[in-house]
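Q: Chains as they are written, first to last, in my numbering: chain B, 1 to 245; chain L, 1 to 599; chain S, 1 to 262.
It is possible that part of the hints are untrue.
[Unchecked claim] Simulated restraints on C-beta separations:
#, chain 1, residue 1, chain 2, residue 2, range
1, B, P60, L, P396, 23 to 29 Å
2, S, V179, B, T88, 17 to 23 Å
3, L, E236, S, S76, 42 to 48 Å
Just so you know, these hints were derived from the structure itself, not from any lab. Think of the CB as a built atom: it goes at the ideal place given N, C-alpha and C, for glycine as much as any other residue.
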Amino acid sequence: MFGTGLLKGLGVTFKHLVDTYKDDMQSTPARYQGSDDRGKGLKVIDQPVDQEGLLTIQYPEERRLLPERFRYIPMLIWDTETDEERCTACGICAKVCPPQCIWITRATDEAGKPVTRPQDFFIDATICMSCNYCVEFCPFDAIKMDHDAELASFERFPHLVYDKGELTVPLDYYAALWPVQYAEEQERRAQEAAEARAKEEAKAARAAAKEVKEETPAPEAKLSRAEELKQKAMERARQRREAQS
Amino acid sequence: MSDIVAPTATVAGPLDVAGTLALVQEALPDAKPVSAGPTDYLEVAPDQLLEALRVLRDQGGCDLLSSITCTDYLSYQGRARAKDGPRFEVVYHLYSTAQGGDCVVLHVPVDDGEPLPTATPVYPGANLQEREVWDLYGLVFEGHPNLRRILLWEGFEGHPMRKDWHEAYYEEDQKPFRSRHPRADFARSEDKVPWGKNTRYPADWDPDDWQEPVTYVPVSQDPRHSNGTGDRLSTESVVVNLGPHHPSTHGVFRMVVRIEGETVTALEPDMGYLHRNHEKIGERNTWLMNMPFTDRLDYINSMSNNWGYALAVEKLMGLEVPERAEYLRVIMAELSRIVNHLWSIGFILNDLGALQTPALYAIEEREMILDLFESVSGARMMCNYLRFGGVHRDLPAGWAERARYVVHERLPRALDQLDDLLSGNEIVNTRGRGVGYLSAEQLISLSVTGPMIRAAGVPYDIRRCEPYGVYDRFDFDIPTLPHSDVYDRYYIRLLEARESVRIVQQALAGLPEGDILAGKGGYVFRPPEGEAYGRVEGPKGELGFYLVSDGKPNPYRYHIRAPSYINLNALAPMTVGYKVADAIVILGAIDIVLGEVDR
Amino acid sequence: MSLAPPNFPDLKTGQVESYLHPSVSVPEGLNNNVLVTTVDRLYNWSRRSSMWPLLFGLACCAIEMIATASSRFDLSRFGMEVMRPSPRQSDLMIVSGTVTKKMVPAIVRIYNQMAEPRYVIAMGACATGGGPFKEGYNVVSGIDKYVPVDVYIPGCPPTPEALMFGLMKMHQKVDTQSVTTADWYKREGSAFVPVPQLGPDIFDPRQADLIRAETMSGEAVEADTGGGRAEGGVPGGLRNLGEKAKARIAQAKERAAARLAG
Ligand code: SF4
Ligand code: SF4
Ligand code: SF4
């Protein structure tokens, strides 16, 4: 009969409408189960798989629960344990980056010899395709994916070209975002460190007889720059945490 | 509605490739057999091409001219080729839809400026692809009915896919660029050009003197039609542009139509508004770098695209994929097929005039699938999940349970709802039945693949005809429908989505433990010299990747055989004779994604 | 998990806070019922709460834009669920996807047709700066090369949350504008953007002189081979022109003038 299709369609929409209210009355608290209430009216919502339909996420008061592997723009890790950046300026990430949006300048010491630290590290967020290759192939766990997607800005250049200071975050920021991967990584690193130490010790025992190891003090300027970077990173991470919680 | 589903037909058996090539050689003793890596092909002189194609079509049973492309061997570094050979080679891939199996490959070497005959008299489906070769390589196909630029515009300077053509932001022939490490003076490419844009102009060119060239667009040049005879009112046909900014054309696509009253009398598709130079960039990238770029081809189905590319490279390198990875690939690809078919059903409704609401209902369950993709790969759309020899990461904890719930409960429910709502709907029926008819033979001769020909009763599905991955282990049907109209094209997608649900259910149940990546991984790949064509049954049709390696870390040739692009061959023949409003639905039922059409 | 019942007076105070007049204050006791605001604030509030975006998708990012409009993210909470297909009825253009040279003339035309005050959001890496396809020969490195952009959203593609954050930034920008200084109420109005033309490569009529100076100088711009820097590290500088080149430019200008006159 003409018109049944139309009625059926309207019926589905109407059922959705009624269901929403029914659901609201019966199970408002229950359906937010697993969601994280961070106070100040901010909730992180985990869509239950057996919930009929979808929960509307009332951004910005509510957020979607991002899976651990979520990727947006990379960040550099400041290792708070050793109090230095993990990046060694090896350049692998710049090599594998498909649109070639990573720029690295290796630092040099006073004598002009290259040292294994980046002096500059840029990522052009107007090019980055969030492909994860830099993270996947970094051998030092120095670059990771940030979950922060709130990067919109009024200006494009240079605001969206992130330099080292803007990219760096402390280790615990990363550990909080990527708990599972972080735990795995720590285990592997501990193991590797133990192996390296064993090797080192064997070597040192051999060499110890000959000469006393001499400590080279790091140049003042480098230290203070590192300190400054770290401060910046901490500050940024704090702001982000505040913004999120 | 099960009464109209034809039983699953089976294919006759794989095509005997060597035998078919021998047939051609018999007819043309001059043809030279060549072996390049995993591919054997015949080299045919330009003047014998048509003869060879006729033999293949009439005696060899190759009814589907799948892909035509070209390679510029100007800077080839490998040893396999003589340096002084002709500069270009045009490559033809042919299949048999009746028998399935591997492809027959022909190469036609030509020099710069040397014309070759068009294949359109034998295979009308060569039309768009030959225009693309002309546009990007500047090779002339003699006798082509409409040899104009297709992805770029008339008047563009040069043919950009030639190896010696460089754009303004050009840095080096191959990535990684040396300027990025270890001494990087950060500089934007914009700063390299005085006007800050990625443009270049010929010497002595004056912008003020520029006149856009007037080109012959068949539709607009048709004779003015007037049927005012005797006492009837005199009418005249008009040319109307639909697009490129048009809500119903699924992105930036343009149709030039000539209409008589409301009836379409001629149609000309115009594309290239999203031509993002995948192939040029792809030949500069390393092998691995292309993987995330394939995500952005058919951006609704990044997983299938990844697979097509991985398959071709694995063919070239002879890589075996571990079983668990094969299962994961099947799961991801079928989930993304469901996403695609939900979209396409939604879009068909949109084009029928049910603006937005039904489409949003149709894609509701998509969010659940995207959540699954996101938690395994990290991104909702651009998954970049496959690697050569496996997949990137294993499933996170709890993923399989969630996925099981989705494919056992949610998706069947959603598909049933759509079926219940739409299949009997009078508007879908009256607007869909009998609209946009083309016979199966016509469709195949136009190189159309995918749901379109299955809705015309041809059970041609690469998952069955040339099984890849572990598709031979699952119990699923290739649904076909007989009418080849818009309604059947809608309904076939629903049926296919159901089959995909079945496949994912089985794959999740049988998911074995074990490795997910063969070989040592890493980021440098150097496939041995040779060429390979890898194809998968994408949700829109045959998605193929034609790759040539010269043994270097970058692909020498990277060509994408995009199903949405080639299916557009059928747009004009399908639309002529119907109303303008039908043209929109017919286009919607082809299911194109512009990222793939224009590449 | 606790869901504290909201305290309505507080909630109300919080919600109206941003509209209160900066200097005029309402006596204690009345401030729950009377609100003094400025014309600007009221005007901006109404403008930003009902923006009408153009239904306009270019590439992959458009799919995320549709996802943002769908029930899970629900763009109508921002008062913008009506996406208008016609530029005449919309005041916000979300450039969602890769801008190609072939498409740019159409985009600029659409922009010119939009009702003022009009805003542009560049959604995604591509619209912002070319994105992964930046080096492509048919790709425009950012729509801001042709039309003014108000908010840039990086990401490939930006997730729906990122897009909504960008929209909130857009609202912030609207809030800073004032009726008294707005361009679109001035007599001359704001200028149309000249439509770029498809020549041997796309060219912007605004840059015709610059292009002529380069192409006619006898040393047409060849793409750099290797190295990332513009010549001498000076971006965008014109090279020194020879006598011959100068003469040719003069001729070209004469020709152009003659054509205009005749
Ligand atoms: S981030 Fe990792 S890969 Fe990149 S330079 Fe630093 S250490 Fe090397
Ligand atoms: S995510 Fe990909 S595109 Fe972005 S910086 Fe890393 S490697 Fe480059
Ligand atoms: S930014 Fe990324 S997702 Fe958006 S259009 Fe560009 S390539 Fe596609």
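Q: Hints first: check each against the structure and report whether it holds.
A: Do the hints match the structure? See the list:
The given range of 23 to 29 Å is respected by B:P60 and L:P396, whose C-beta atoms sit roughly 27 Å from each other. Roughly 56 Å separates the CB atoms of S:V179 and B:T88, a value that falls outside the hinted 17 to 23 Å. A hinted range of 42 to 48 Å holds for the C-beta pair L:E236 and S:S76, which are about 45 Å apart.
The structure does not agree with numbered hint 2 stated previously, though it agrees with all others.
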